[in-house]
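Q: Below, each chain spelled out in residue letters.
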Amino acid sequence: MKWGHKSSRIERTRFLICLTFLGLVLFCPLSSHAYAGPGAGFAVLSSFWTLFVAFLYSIYAFVVWPFRQLFRLLRHRRAYGKAQIKRAVILGFDGMDPELADRFIAEGRLPNLAKLRQQGTFRKLRTTYPAISPVAWSTFMTGVNPGKHNIYDFLARDLNNYLPYLSSAEIKGPKRSWKIGKYTIPLGGARIKGMRRGIPFWHFLGEAGIFCSVLRVPVTFPPEKFSGVLLSGMCVPDLKGSQGTFCFCTTRYSGNKFREGGVRVPIQRTASHCTSYVPGPENPLAGGSGDELRVDFEIYPDSTKNQARITVDSESFILKVGDYSEWIPVRFKAGVGFSAHGICRFYLKEVTPEVEVYVTPVNIDPGRPDLPISHPVTYSIYLAKLFGPYATLGLAEDTWALNEKVLDDQAFLAQCYANHEDRERMLFDALEKTQQGLCACVFDTTDRVQHMFWRYLEEDHPAAREVPRDQRPTVIQDLYARMDALIGRVMKQIDDQTLLMIVSDHGFKSFARCVNLNAWLHQNGFLVLKAGKTESGDWFDDVDWSRTRAYTMGLNGLYLNLKGREREGIVEPGIEAESLKDELRGKLDGLADPASGRIGITGVFDCDAVYAGPYVDNAPDLIVGYGDGFRASWDSVMGKVTSQIFEDNLKAWSGDHCIDPRLVPGVLFCNHRIRDSNPAIVDVAPTVLKLFGIPLPGHLDGKPWTVGTPISASAVATAT
Amino acid sequence: MGSVGVNVPSGIVIGISLVIGLVMVIVFGYTSDQKAIHVAKDRLKAQLLALRLFQDQIHVVLRCYGRVVLATGHYLRLAFKPLLLVIVPMTFLIVHLDRYLGSLPLSTGQCFLVAARMDGPNFVNQASLLLPDGLSSTAPPVHVPAEYEVVWRLVADKDGEYDVNIRVADQLFAKRVVVGSGLPRLSSIRIRGRFWKRFFLSAEPALPDNKFVEAIDVQYAARNIKFASTEWNWIWLFFILSLAAGFLFKGVLGIEI
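Going line by line, the protein sequences match chains A and B. Quick note on the numbering used here: the first sequence kicks off at 4 and runs consecutively. Quick note on the numbering used here: the second sequence kicks off at 273 and runs consecutively.
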């Protein structure tokens with residue numbers, strides 16, 4: 004009898020299991036997928052796992068939180084104890100110009116900035132010498148002059164060979180490698196060394212227990228450890244290690260090379276389709292032979308539909324002419340276990356009669372970064388998971404491609420604003436996550452768009468003469484309006500206890516005329532070429548250093564060929580050097596453009612006068628301040644001597660700020676009243692520290708502003 | 273399948289698991305919105321990372337946990353459509369396989385029970401057993417009026433497939449009994465009535481719907497399959513191996529699950 008009961012119970016149980024199986028799958032998938040194959044099994048397992056991990060994390064956070072707070076108190080790190088504000092939101096609009104802002108406010112285009120000006124603060128913000136983004140933003144974050152943070156330009160020069168290198172970071176291969184025949188096996192990862200000195204103010208905030216979210220502030224690569232999250236900005240390299248190298252694939256391939264910023268790659272036609280490749284980083288196994296890795300792709304043009312299907316690795320997508328793809332992951336394989344992960348976007352330029360595809364520089368994949376681009380490393384991954392892949396390259400907007408006419412205005416703008424929208428999403432996520440503390444985010448769009456579209460803002464810019472005045476787009480006006488709308492949305496997220504500050508590192512002016520300072524130095528006997536030469540190549544090729552007393556490279560720096568410092572220096576330090584500086588200043592200051600009589604150089608500044616600190620020796624000897632409408636020529640920046648000193652700038656890159664810093668101050672808008680009449684970018688760091696009640700470190704050069712009451716939240720709401 | 277060797281069941285389960293793992297991954301890949309699943313999984317991972325990144329901020333942790341739950345729901349919703357498509361064939365397959373792999377056939381000389389469940393207490397005393405050659409009864413039947421059941425203890429003299437008949441009110445009700453080895457198709461119960469109930473429980477035709485005998489069952493022992501020095505129920509082994517195969521093939525095929 005007992006057995007009989009058992010038997011029927013087993014059957015009943017089996018029946019119930021089978022019956023509930025279907026029901027569970029249909030109405031409660033959590034426990035039934037075991038029967039529905041691996042797909043369902045994965046779904047359940049990963050869902051359960053996710054929930055379980057989330058649960059553990061939240062429990063951990065709950066349990067640990069009081070202890071962490073106690074720990075802080077015990078260490079006298081009571082955050083916000085003396086703070087005047089609960090939160091600081093700093094929006095950096097790279098290159099926002101105070102005069103344009105003032106003009107557009109007057110025209111009624113910028114209602115939110117108008118409200119800030121009316122009820123809070125609007126000032127011109129003194130910039131750094133020189134007025135270049137990496138210099139100014141380094142000063143912004145450290146509160147010190149360049150003599151203490153060691154950044155004077157994008158480029159610095161190698162004293163041994165007069166060649167340039169990136170001033171902000173140094174990336175080298177692994178320390179050790181193992182050579183097997185023709186292969187070199189790297190033992191370890193790349194070595195990255197940050198060259199910027201000084202301590203960003205968010206480190207002090209973090210030490211005090213104040214959380215910080217820092218997004219895309221320039222010269223934060225490689226990211227440094229601190230108590231908060233940070234995504235690096237300007238100066239993050241692409242996968243090739245450059246500051247952005249686009250790829251232009253074309254059936255018109257002629258072998259002509261772009262001078263810089265991009266490479267031209269042939270498209271091979273076959274009977275059914277076309278093939279080409281995206282060039283990548285150097286093969287790490289090739290032992291420095293220069294062999295580059297490639298990712299091949301196929302193009303299947305459809306001229307009837309004016310589109311093409313592109314296949315890259317396992318990805319396949321269709322693009323219409325004039326369309327960008329999404330970010331496409333690309334993997335450069337060097338061998339088993341050696342590969343580099345990047346992302347890039349494809350832009351179909353033409354399918355008939357020729358085929359042309361533009362590929363953005365290959366960005367470091369934020370979801371799988373081969374180099375650290377955030378602190379902690381998981382922060383870039385978090386953002387990639389949350390919003391999808393995004394541009395990580397420091398100079399992500401491909402100005403070179405527009406300069407070289409590979410992209411047209413529309414395509415460039417589309418690229419800029421796609422990146423901009425990603426940054427906006429990141430900003431609002433950071434605002435949500437940082438209800439207390441610091442949230443700082445820098446937007447590059449303002450800088451790039453003004454650089455490339457200033458030509459339409461002027462009556463007679465050489466780069467826009469072919470465009471009738473009534474057909475010139477209002478790109479910069481639209482840009483400012485867009486940024487104003489962003490401010491409006493941010494203002495809706497803040498309260499009376501939040502300090503909102505909008506700062507720019509510099510303003511903007513026209514770049515209509517190029518000044519080749521090396522040509523001037525040559526014609527005035529300060530720089531000598533080898534016998535029989537009237538021009539030099541790039542980077543001082545054919546310069547006779549044994550007779551050269553001064554040279555320039557980069558955007559504003561002028562260097563003496565100093566004995567004992569430069570490899571072939573001839574100028575004695577001391578009296579001779581000082582005398583030479585005086586002579587150069589005397590001759591260059593007020594240098595006029597013979598074509599118009601306008602002043603091309605309005606000031607030459609002695610570094611000993613404008614810098615102070617342990618790294619002054621690395622600075623240029625003189626900083627050249629160009630006048631409104633002028634800038635160092637493209638050749639001069641690259642250390643080339645030409646026969647012409649002044650020439651028209653015909654490139655789309657038509658606005659600039661690398662001029663006399665007195666002419667291009669930045670902006671300071673704030674929702675609090677700031678009493679100081681002549682604020683400088685160096686003051687931002689001490690001001691924020693003071694507002695959070697943090698004692699100011701003694702080495703800071705900036706002075707904290709006197710900050711008054713905020714605009715009431717209701718007034719802000721009315722404005723928006 | 274009846275004459276295969278002892279190690280064959282594990283081989284069959286492994287083989288079927290690999291094939292099912294591959295097929296299901298492919299089916300899942302074709303029937304699901306791969307992009308949406310990718311995005312949903314990424315969002316989930318993002319919230320998990322947020323829990324770690326912003327752990328000092330308790331309001332963020334709470335909000336993230338809520339989003340994890342929502343994102344999990346969204347992910348399961350996306351997995352639901354392909355799940356529905358694979359669930360019907362998988363159910364049929366598993367039920368069918370269970371007939372071969374779920375139980376062991378009876379052995380010669382092994383006592384086993386045959387139980388008949390009646391429609392009412394009146395029929396319990398009317399039931400009698402008619403045994404074919406090769407089967408014999410080893411004890412008098414046990415009547416359980418409270419459960420409407422009669423239980424017989426039987427033994428087989430030799431391997432074979434037998435029909436045991438139960439007579440009630442001059443009507444015969446047969447039940448197949450399998451004695452032997454290998455992987456015969458087994459049905460431990462014969463019932464009457466509803467198709468779906470029979471589909472899941474029985475491999476035999478329905479009993480006559482005449483209010484005498486509700487079910488007849490034979491107690492087969494559960495089959496354990498030896499794999500990796502462990503005894504497994506086949507369905508657990510199938511589950512684990514097909515998952516492993518799925519993991520393997522999803523990576524190879526680049527399918528997001």
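Please keep in mind that the hints were generated in silico from the structure rather than gathered at the bench. Treat each hint with caution, since some may be false.
[What the hints assert, rightly or not] Straight-line C-alpha distance at most 25 Å; calculated DSS-like pairs for lysine-lysine:
1) A/Lys436 x A/Lys175
2) A/Lys89 x A/Lys436
3) B/Lys307 x A/Lys323
4) A/Lys436 x B/Lys430
5) A/Lys336 x A/Lys175
6) A/Lys175 x A/Lys89
Q: Take the hints in turn and mark each one as holding or not.
A: Okay, the hints, checked on the actual structure:
{"no.": "1", "hint": "A/Lys436 x A/Lys175", "in the structure": "violated (35 Å)"}
{"no.": "2", "hint": "A/Lys89 x A/Lys436", "in the structure": "holds (14 Å)"}
{"no.": "3", "hint": "B/Lys307 x A/Lys323", "in the structure": "holds (21 Å)"}
{"no.": "4", "hint": "A/Lys436 x B/Lys430", "in the structure": "violated (76 Å)"}
{"no.": "5", "hint": "A/Lys336 x A/Lys175", "in the structure": "holds (20 Å)"}
{"no.": "6", "hint": "A/Lys175 x A/Lys89", "in the structure": "violated (42 Å)"}
Of the numbered hints stated above, those contradicted by the structure are hints 1, 4, 6, listed in ascending order.
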